[in-house]
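Residue numbers (UniProt numbering), protein chains in the order written: chain A, 1 to 550; chain B, 1 to 550.
Be aware that a few hints might be false.
As the list claims (entries may be wrong) - Label pairs and their computed distance ranges (CB to CB): (1) A:Glu370 with B:Ala39: 53 to 61 Å; (2) B:Glu97 with A:Asp53: 54 to 62 Å; (3) A:Tyr55 with B:Thr290: 38 to 46 Å; (4) B:Pro95 with A:Glu401: 53 to 61 Å; (5) A:Thr29 with B:Glu498: 50 to 58 Å.
Stated by the list, open to error - Footprint (simulated), chain B over chain A, 3 or more residues, beta carbon under 8 Å: (6) 63 to 71; (7) 397 to 405; (8) 506 to 517.
It should be emphasised that the hints constitute simulated quantities derived from the structure, not laboratory data. The beta carbon of each residue, even a glycine, is placed where N, CA and C say it ideally should be.
2 protein chains.
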Amino acid sequence: MPGGHAQTLRPFMWRAERLYPDTEIVSRTHEGRTRHTYAEYAGRTAQLANALDDYGIERGDRVATFCWNHTRHFETYFGVPNTGAQLHTINPLLPDEHIQYIVDDADDEIIFVDPSLAEKIAGAAESAEEFEDVDFVAMGSDGIDALDAPAYEEFIADHSTEYDWPDLDGDQPAGLCYTSGTTGKPKGVEYTQSMLWSHTMASQTPQGIPMEDSDVVMPVVPMFHVNAWGMPFTAAAAGAKHVYPGPSPDPADLAALIEEEGVTISAGVPTVWLGLREYIDAGNDVDLSTLDTVIIGGAAAPQALIEWYDERDVEVLHAWGMTELSPIGTVSHLKDDLRDADYDTQVNKRAKQGLVAPGLEFEVIDEDGEEVPWNGEDFGELRVRGPWVTKEYFKRPEANEAEFVDGWLKTGDVVTVDEDGYMQLVDRTKDVIKSGGEWISSVELENAIMAYDGVSEAAVVGVPHERWQERPVAFVVVADGVDREEIVERIETGLREEYPKWWVPDAVEFIDEVPKTATGKFSKKDLREQYGDQSLVDGAVPEDDAPEEE
Amino acid sequence: MPGGHAQTLRPFMWRAERLYPDTEIVSRTHEGRTRHTYAEYAGRTAQLANALDDYGIERGDRVATFCWNHTRHFETYFGVPNTGAQLHTINPLLPDEHIQYIVDDADDEIIFVDPSLAEKIAGAAESAEEFEDVDFVAMGSDGIDALDAPAYEEFIADHSTEYDWPDLDGDQPAGLCYTSGTTGKPKGVEYTQSMLWSHTMASQTPQGIPMEDSDVVMPVVPMFHVNAWGMPFTAAAAGAKHVYPGPSPDPADLAALIEEEGVTISAGVPTVWLGLREYIDAGNDVDLSTLDTVIIGGAAAPQALIEWYDERDVEVLHAWGMTELSPIGTVSHLKDDLRDADYDTQVNKRAKQGLVAPGLEFEVIDEDGEEVPWNGEDFGELRVRGPWVTKEYFKRPEANEAEFVDGWLKTGDVVTVDEDGYMQLVDRTKDVIKSGGEWISSVELENAIMAYDGVSEAAVVGVPHERWQERPVAFVVVADGVDREEIVERIETGLREEYPKWWVPDAVEFIDEVPKTATGKFSKKDLREQYGDQSLVDGAVPEDDAPEEE
Chain A
1 MPGGHAQTLR
11 PFMWRAERLY
21 PDTEIVSRTH
31 EGRTRHTYAE
41 YAGRTAQLAN
51 ALDDYGIERG
61 DRVATFCWNH
71 TRHFETYFGV
81 PNTGAQLHTI
91 NPLLPDEHIQ
101 YIVDDADDEI
111 IFVDPSLAEK
121 IAGAAESAEE
131 FEDVDFVAMG
141 SDGIDALDAP
151 AYEEFIADHS
161 TEYDWPDLDG
171 DQPAGLCYTS
181 GTTGKPKGVE
191 YTQSMLWSHT
201 MASQTPQGIP
211 MEDSDVVMPV
221 VPMFHVNAWG
231 MPFTAAAAGA
241 KHVYPGPSPD
251 PADLAALIEE
261 EGVTISAGVP
271 TVWLGLREYI
281 DAGNDVDLST
291 LDTVIIGGAA
301 APQALIEWYD
311 ERDVEVLHAW
321 GMTELSPIGT
331 VSHLKDDLRD
341 ADYDTQVNKR
351 AKQGLVAPGL
361 EFEVIDEDGE
371 EVPWNGEDFG
381 ELRVRGPWVT
391 KEYFKRPEAN
401 EAEFVDGWLK
411 TGDVVTVDED
421 GYMQLVDRTK
431 DVIKSGGEWI
441 SSVELENAIM
451 AYDGVSEAAV
461 VGVPHERWQE
471 RPVAFVVVAD
481 GVDREEIVER
491 IETGLREEYP
501 KWWVPDAVEF
511 IDEVPKTATG
521 KFSKKDLREQ
531 YGDQSLVDGA
541 VPEDDAPEEE
Chain B
1 MPGGHAQTLR
11 PFMWRAERLY
21 PDTEIVSRTH
31 EGRTRHTYAE
41 YAGRTAQLAN
51 ALDDYGIERG
61 DRVATFCWNH
71 TRHFETYFGV
81 PNTGAQLHTI
91 NPLLPDEHIQ
101 YIVDDADDEI
111 IFVDPSLAEK
121 IAGAAESAEE
131 FEDVDFVAMG
141 SDGIDALDAP
151 AYEEFIADHS
161 TEYDWPDLDG
171 DQPAGLCYTS
181 GTTGKPKGVE
191 YTQSMLWSHT
201 MASQTPQGIP
211 MEDSDVVMPV
221 VPMFHVNAWG
231 MPFTAAAAGA
241 KHVYPGPSPD
251 PADLAALIEE
261 EGVTISAGVP
271 TVWLGLREYI
281 DAGNDVDLST
291 LDTVIIGGAA
301 APQALIEWYD
311 ERDVEVLHAW
321 GMTELSPIGT
331 VSHLKDDLRD
341 ADYDTQVNKR
351 AKQGLVAPGL
361 EFEVIDEDGE
371 EVPWNGEDFG
381 ELRVRGPWVT
391 KEYFKRPEAN
401 EAEFVDGWLK
411 TGDVVTVDED
421 GYMQLVDRTK
431 DVIKSGGEWI
441 SSVELENAIM
451 AYDGVSEAAV
461 VGVPHERWQE
471 RPVAFVVVAD
481 GVDREEIVER
491 IETGLREEYP
501 KWWVPDAVEF
511 IDEVPKTATG
521 KFSKKDLREQ
531 YGDQSLVDGA
541 VPEDDAPEEE
């Protein structure tokens, strides 16, 4: 059969080791920084692979990590999959019962655990039969007695720094990551060698997040979040220097790493970059001159944040992805024909989720099953397909039925696409409010309400309504001393000016805090449950403003 | 089975059409330039696909082109493979008997022929039974009576501009190209959808030849030479503007296209860029200000040429590839740690064939089957593997036996790799001279001799020798009036200063011209045949300088 060789991760590590033996992998620890060259990294990775062989790990076995971002974690990134085993990066922020479910579902043989996370996993493992056959290795120079875990350094110590990396098939499972599971059990997404290869190459295009050998790459996004958005693989393919921020870095830690290691590209959720901004705005002098690009993903990048970094000559690249997409789907590069547009237009475009990466295809489907036009207004559910988009969930045939259609992944995201092709998230399909045959974006209402002075959080959910199917209700968190009646008044009159009147919530409830998921997102499921069976009754929407019934 | 969706070319065309509907594809003709947008291109490509369906082309059928670089040829690039058929780009510079062999071997159903090449293919087709079942289409608005060929515009005219592009497997053959066959029959290399996808993505990395939507890409390298080094696909993936130089462009044509279309990236063999240099040096004022990058491949890029373009702020990127590699293998980017090196060192590195593209692996194996060290001196045969490297030849099991080993493609190139990882071609395995257990680079000797004043061409070949196995003989072309004895004297003494004495040719033969292959390379096979069975006898090499016998 014609064709090329299998797509695997091996050439990326080989290239880094051979072309850039002296380039560094720097890792922050509580005691200072560790430094390894790619040459040393390759040797240690081979030691890890030999140790895993010795332990009894075979092709297809799953090896898990329960770790922050550091060099040893990076060693598992190539050391595990390049042997033919599968690296399962567990999110330590998940509740115990999810961790128990995941470890059981994945059938992990061994878990590499950070000392600072030992208590967390010990709690999850306690009297949980899912952990009975699991062994632990402590990510450091010391073992962890409570877990009966030898030290990683001891685990790899007596093994050869050479390893005869096998030829693997492209469809060999190489990675495994679970969605955070805002509803129901977490779902596993397997990354094959070919998917990780494809994602790495797509990331390396100018339309992705390209890296060169002159780059110094610092993934702040956790390595348990879809492989830190693939950055460790991409940086290796490029021969770039790596900087890992270690456990719970605060803005001062990140500032020091950026300045002292000369970071050029970094990535994280908006909170990270808001935190750094606050730190600098508070009077801390931080040299950002080496920093070219900051990737923001995981949540929307506020325009003000983009502007603040622009003023400091740091380009914010907004990106969107999903666990199911390995994860990158779109990146908000400015198109060439927008370079002459005014700054506000440019920032508006850049704040959207962005342009589809080359190699992927998508479509946006409305309630009637039709593709919506690219006009920036009509919205529908985003469907995606491509070489680094999974075609199935791990061991979840019922989820496959529900979330894939005609070869497309139903992302569960409600989006618009504008005339220039920029995709923008409007809502989640499960959160969008279906009222009288039309859709209302809960996210737009929340953003509008959160823009009011005195409002610190707002979540809008649809609650059942006997006539309109669903109606929006706003849950609002205000600061102490804020006049609640004034807030209700502003919501009722202010939103009416910006949106169709039938978008205005039927009720405003004040709460102390919006419940959150393990990854810090609003948990609207909990809010909907608060309303329980209390269906709203007719009367809240004036007849003449009501949407047409179908 | 876990995994992502098939890797195919379809998303690249889809992305260009949807994100860049107004971006242009410009094509030079003898009558002026044609301009199409990606939106028009997509419509015409759909028309072509519908016309091929109507003609009876089915999945897996082979559709051939016999064309220069122009928009219609580019329409076949997506229009043929995206239906599931296979695009066979025939090199019109091949001798008739090779064209006959290729058309028969490929079993082409239909051939799209440029009017300017009609006579050539009619000659090859004349009374050749290989062509009996082949139909022709004339690439233009007029048919060609001699070939009974309708006009392309007529062929596609009445068809829909919409086409329901099918889901294809990644291993569906999409392209076919034959090696020029300096020895024996041409060998076919099939490009699957996945190989072309992989090559496109690898080209798009910063370590390849990356393109953006601001780029204006002009492939001068023929589209029948391994898909113009993949540039039409890469430019589409990037949403770049295309400029096709049409039939036999001369330096004035290229200069006009660069200036008037704002070309930023172009690519071709050294002759093209030497020609443009001569044109400008002759006093023609050409504005090269938009031109960022010139890719040189197909033959070594002379350092002086790199320097000339550097002076005009045009970066020469030297690249190396093969038909078997789709074609890109290495690109001579300057490594970051060489940016502080002196200019001569930099140009010396950039003039080598370069650094391996991410995703590939190679090894260099000496006569004893051992990997040679990366020291810039030891040489051996280059072996390559990777997702866009073929694992077999089309219908040639005996060639597969000879040219693949343990999953590696034996490139037939003899190379060195220096400490920085830059690969440099030293010779071809069939041309390297095996003398007394050591290898002598015929290419190095040729370059040294060609540097002498008065020498216009030189080819050095190994001829059988009863004691040393082979000994070098130089075939030299000199200008009229050059003192031949002086040239012989220079060769004998000059080479002795630079190389081991046993490298010095045993004989110098003056000839009128070095015989060339269809692609303009020296045909050493012909020269070796001139020597026939005339084995050299002992005596030419002084005993004390002779290499050790094994």
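Hint check results:
A hinted range of 53 to 61 Å is violated for the C-beta pair A:Glu370 and B:Ala39, which are about 21 Å apart. For B:Glu97 paired with A:Asp53, a C-beta distance near 55 Å keeps the hint of 54 to 62 Å intact. Hint check: A:Tyr55 to B:Thr290, Cβ distance near 59 Å, so the stated range 38 to 46 Å is violated. Range check, B:Pro95 to A:Glu401: about 59 Å between beta-carbon atoms, so the 53 to 61 Å window is met.
One distance hint, 50 to 58 Å for the beta-carbon pair A:Thr29 and B:Glu498, holds here, with the actual separation near 54 Å. A count of 0 residues in the region 63 to 71 of chain A with a Cβ less than 8 Å from any Cβ of chain B is obtained; the coverage claim is therefore unmet, three being the minimum. By the rule of at least three residues with a Cβ nearer than 8 Å to a Cβ of chain B, the coverage given for the region 397 to 405 of chain A is violated, with 0 such residues. By the rule of at least three residues with a Cβ nearer than 8 Å to a Cβ of chain B, the coverage given for the region 506 to 517 of chain A is violated, with 0 such residues.
In summary, the structure is inconsistent with hints 1, 3, 6, 7 and 8 from the numbered list given earlier, while agreeing with the others.
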